[in-house]
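A.B. asks: Protein sequence lines, in the order shown, are assigned to chains A and B.
Those letters in the first sequence? Residues 1 to 158, per the working numbering, in order.
Those letters in the second sequence? Residues 1001 to 1721, per the working numbering, in order.
By construction, these hints were calculated from the structure, which means they are not laboratory data.
Take these hints with a grain of salt, some might be off.
[What the hints assert, rightly or not] Partial list, computed: chain B residues near chain A (C-beta under 8 Å):
1) G1084
2) Y1212
3) R1214
4) D1216
5) D1282
6) T1335
7) A1339
8) I1397
9) G1402
10) Y1480
11) E1624
12) I1627
13) F1651
14) P1657
15) F1659
16) S1660
[To be verified] Calculated lysine-lysine pairs in the DSBU-like style (CA-CA distance at most 35 Å, straight line):
17) A/K80 with B/K1224
18) A/K152 with B/K1715
19) B/K1564 with B/K1642
20) B/K1459 with B/K1591
21) A/K71 with B/K1153
22) A/K119 with B/K1224
23) B/K1600 with A/K152
24) B/K1210 with A/K83
Ideal Cβ placement from N, Cα and C applies to all residues, glycine included.
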Amino acid sequence: MKPIAFTLNGVARSVTVEEDRDLLWVLRDDLGFTGTKFGCGASFCGACTVLVDGKEVRSCVTPIRSVAGKKVVTVEGLAKGDKLTPVQEAFIEHVGFQCGYCTSGMVIGATALLAANPKPTREQIIRGLERHLCRCGAHQRVVAAVESAAQKMAGGKS
Amino acid sequence: MNRPEDEMIVPEGWGFVETIDRRDFLRLTSTGLLVVFAVKPPEGAMRPVWNFAEQQRTPPDFNAFLHIGANGRVTLLVGKIEMGQGIITGLPQIVAEELNVPLEMVDCVMGDTDLCPFDSGTFGSLSVWRLGPILHAAAAEARAVLVQLASEKLGVPVADLSVKDGVVVSKTDANKKATYGELAGGKKIERRFEGKAALDKVSEYTIIGKSYPRRDAVEKVTGKAMYAGDIAPPNAMHARIVRPPAHGASITAIDTSAAEKLPGVRIVKDGELVAVLHAHRDEADKALKLVKTTVTPSPNTLDHENIFAHLEEVAVEKRPAGAAGDVAAGEKAATQVVAAKYLKGYVAHSPMETHTAIAAVGADGRVTVWASTQTPYPLQTQVARALKFAPEKVRVITPFVGGGFGGKSANAQGVEAARLAVAAGVPVRVAWSRDEEFFYDTFDPAAVISIRAGLDASKRIVLWDNEITGAGGRGAGMFYDVPNHRTVTKGSWSGNQGAMHPFAVGPWRAPGANANVWARESHIDALAAKVGMDPVEFRLLNLQNPRMRRVLDACAKKFGWTPKPGPSKRGYGVAIGEDAGTYVANMAEVKVDAATGAIKVIRVVCAQDMGVVVNPEGAMQQMEGCIMMGLGYTLAEEARFKNGEVLDKNFGSYTLPKFSWMPKIETMLIDNPDLPSQGGGEPAIVSMGAVIANAVFDATGVRLTQLPMTPTRVKAALGKK
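Generate coordinates for the entire structure from the input sequences, incorporating the hints supplied.
C.D. replies: Rendered as C-alpha cells:
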C-alpha cells in the first residue's frame, strides 16, 4: 500500500489504504467525514455525491486511487465556519429536504450544477438533478432552492 | 370512522414491553417542575382502538413528559422520532403555545428509551393528531402550576396574573413578576397531569398556526445531522451478514475460509447469524463476496404475475369492515351495475437510508443500540428478548431517521447489530445494503379488490359491494350516501392469513388506504362515466358529508375544474379520500403518449382539511411529499419476484419518482379552527392512484385497473380499446 495524497475540504490529506477502496468509505470510516451518505452503493441514488475537482462524482463507486492529487469537497467543506453557501441557505429557505438523508448529495449536486452553469433554466436544473433520488418528495422545493441560489449568486457578482 | 382492529400497527415486540424503572426518569430531572402526562388521555383524544398501551404491560402512567429547569428552559421528552415529517418543530410549537413561552425556549428530546417515556412508535399520522392533545393539556397544566407558584411567591391572586414569554406578571402591578425559571428552579415539584387546566383558545394562538422554520435545517444542509450509521463508538466494526439468496431458501453450509484470509476480517457467529466484520465497510463487502454458501433452493413458486390468483385462493376468511342496508335490496333497486376487479402489486418503502443500527456493550454490561427505527421501544424489547437481557439493560437511541414510511417499524437490523456486538465483544454496525433493503423490506402487500356497484334511475348509488383481499379496510370507509353497502376484507395489510405472501409485508404510508381509495375512486369515476356525468358533479350528487363537499369544492376552484362528462379528452382527474381524520381532495391533469404508453402528470392540486394546522408549511411539505411519493406506486413501483427471490435489487430496475416526473404541485389547507388537529403525514397520498387513473381515463377513454400504470400496461390497454 502506497500513500494516496489529495486535498479534502481544502486540507492536504494522505491515506495509506488499498488503492481500490471506495472513496465513500475512506471518507466515512477512515477519516470520519460522515456527512456523505451511503444510499445504494451503485451510483443510482446520489446520496454519496462529493465534488472532485469541482465536478460531482458518486463516491460509492469511486476508487480512492482516482482522487490522488485532486481536490475533494464533501458537504462539510462547503460552509466557511458558520457562513453557509448560497446553495445551503437556499435549501434552508425553501426547505429543500425532509428526512435530510439525500440532502448532502443534493446540496453537492446543486453546487456542481451552478458552478458549471450559473444561470440554469428550470429544465436544466431538473435534468441536472435527475440522478439524485429523494424518497420524501421534496423535489419541488429543491428546484426552487436551486433557482433562488442561482439568482442570489448572480446578484452577488454584480 | 373507527378503523377495524386489524388496522393497528403492532410491531413485533410490542406485546411484552416492560416498565422502565420510574427512578430512571426522575433521576434525570431531580429538580425543577416535572409534569407527567397520563397515558389515559383527555376525553376524545384517543380512540379506544388505538389505546392499545392500556391492554399491555406498558408503563402505567406516562407517555410524554415535560420538564422546566432553573434556567427557564423547557424540555419536552417524547418517544416519537424525527424521520422528515417535521414533528421536531411541530410538537414543541404545541408546548410553547400552551406554556406561553417563545418556541426557542423549548428543547425536544426524542426516541431515547432511557430518557423518554414509552411510545408505541411513530406511524399512522398520530403524533400531532393523538399525542398533540396530551401535549396541549400537559403544557396547560404546567402553566397552571407555575402561575399558582407565582401567586404564592408574589402574593397576587391567580386571577390577577398573566403569562407572557415565560414570565408571570401581575396585571395590576408590572413590577410584580417571576420567571418560570425562578419559579421552577431549586425545587422538586412533580405534578401528575389531571387534564383540568384551561387550554388556550384557538383564536388566541400565536405559535400554533405559524410556519416556524424546521429546527433540523442547518444540521441537514451542512452534513452535521447524525443518522444511525454516523454514530462511531471506538473500535466499531461493520458487519455484513451471510444471507440466503431467496425467501424460503436455506443455507446448509457456509465456507468462510477465503474471506478470513483478508486482513482485518473477523468472522462472528451467533446461532444461525453468521457475519463478516471489518473496520471498513467496503472491505467487509469484499470479504462477504468471498463467503461460499451451499443453498437449498426455495420451494416457493409465486411470482409477481401469479400472485393475484394465489391471494384469492389462500385468503378465504372474510371479516366485515363496514356495512349498511342490504346489498340484495341494492341489487333490486339498481338499474345499472358496474363491476370491476382492481389489482395492485407489492411496493417497497425504499427510504434513502437503509435499515441501519449500531450496538455497543458498555462497561456496565448494558447494551446501547443506535437505530434508524420508527419504533424504539418495541426495538428495545426485541433486543432484550434476543439477548435474554432484562429490558432495562437495553437502551435504544434514535438519531435522525433517513426516511421510514412505515418500513422502519420493523427492526431486524437492530437485533442483528445487538447480537453481533455481544458475540464479537466490539461495537457492531449493521447497515443493510440496498439489495438487503429490497429483500428484507416489509412490502406494501399486493391486493385484489373487487367492487360491484349499482345506480338507480336518478344516478344515485344504491349498491356497493366491496371485497378486499390483501389490503385490509383502511381507506375503504364509505362516506358517500349509499343506502346498501358492504365491505369485507380477506387478510389485512399485515398479511395475517396463512401463506399469503412470499415475503414480509407491513405498513406502508397509509397502509391499505392507497389500494382502497384507488379502487373506490376509480370505481366512482366509472359509475359517473356510465351515466354520462361529470365526475365532480356525480360525486357531489352522491355525497352529503359537508366537510368532504367543502374540500372537494375548494380543490375544484383552485384547479379551475369545469364540468364535462368523461372522457373529455382534457386529461383531468379527481379523487377524494379520508385518512387519519383528515379529508383530502386531489385533482390532476395528465398527458398520455399513445405511442409509448408513458403518462406525464402535468399538474396536481391538493386540498386538505386537517383541522387546526400547527405548522402550515410543514403540513404542505407533507402533502407535496405524499404527491411525489404517490406518483411512484401509481406509475412505476412494483417489486418483481420469482421463486422467493426479489428480482429488483436496486434503483436501476426499481424506479423511484424523479425530478423529471415532477408535476406542478399546488396545495391548500382548508381553514377549520373548530376541529382539533388531525393527521398529516399520510392523507394526501391515498388519493394519488385514483386521481391519475381517472385523469388517464379522461384523456384516453381507457380505464386501467392495475397499478402501477406502467407504459407497457397503458399501451396494452390502449390497444384493446
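A.B. asks: Confirm or reject each hint.
C.D. replies: Now the hints, each set against the structure:
no.	hint	verdict
1	G1084	3 Å, holds
2	Y1212	11 Å, violated
3	R1214	6 Å, holds
4	D1216	6 Å, holds
5	D1282	4 Å, holds
6	T1335	43 Å, violated
7	A1339	35 Å, violated
8	I1397	16 Å, violated
9	G1402	3 Å, holds
10	Y1480	29 Å, violated
11	E1624	6 Å, holds
12	I1627	7 Å, holds
13	F1651	4 Å, holds
14	P1657	7 Å, holds
15	F1659	5 Å, holds
16	S1660	6 Å, holds
17	A/K80 with B/K1224	14 Å, holds
18	A/K152 with B/K1715	45 Å, violated
19	B/K1564 with B/K1642	44 Å, violated
20	B/K1459 with B/K1591	29 Å, holds
21	A/K71 with B/K1153	63 Å, violated
22	A/K119 with B/K1224	29 Å, holds
23	B/K1600 with A/K152	32 Å, holds
24	B/K1210 with A/K83	27 Å, holds
Taken one by one, the earlier hints fail for this structure at numbers 2, 6, 7, 8, 10, 18, 19 and 21, listed in ascending order.
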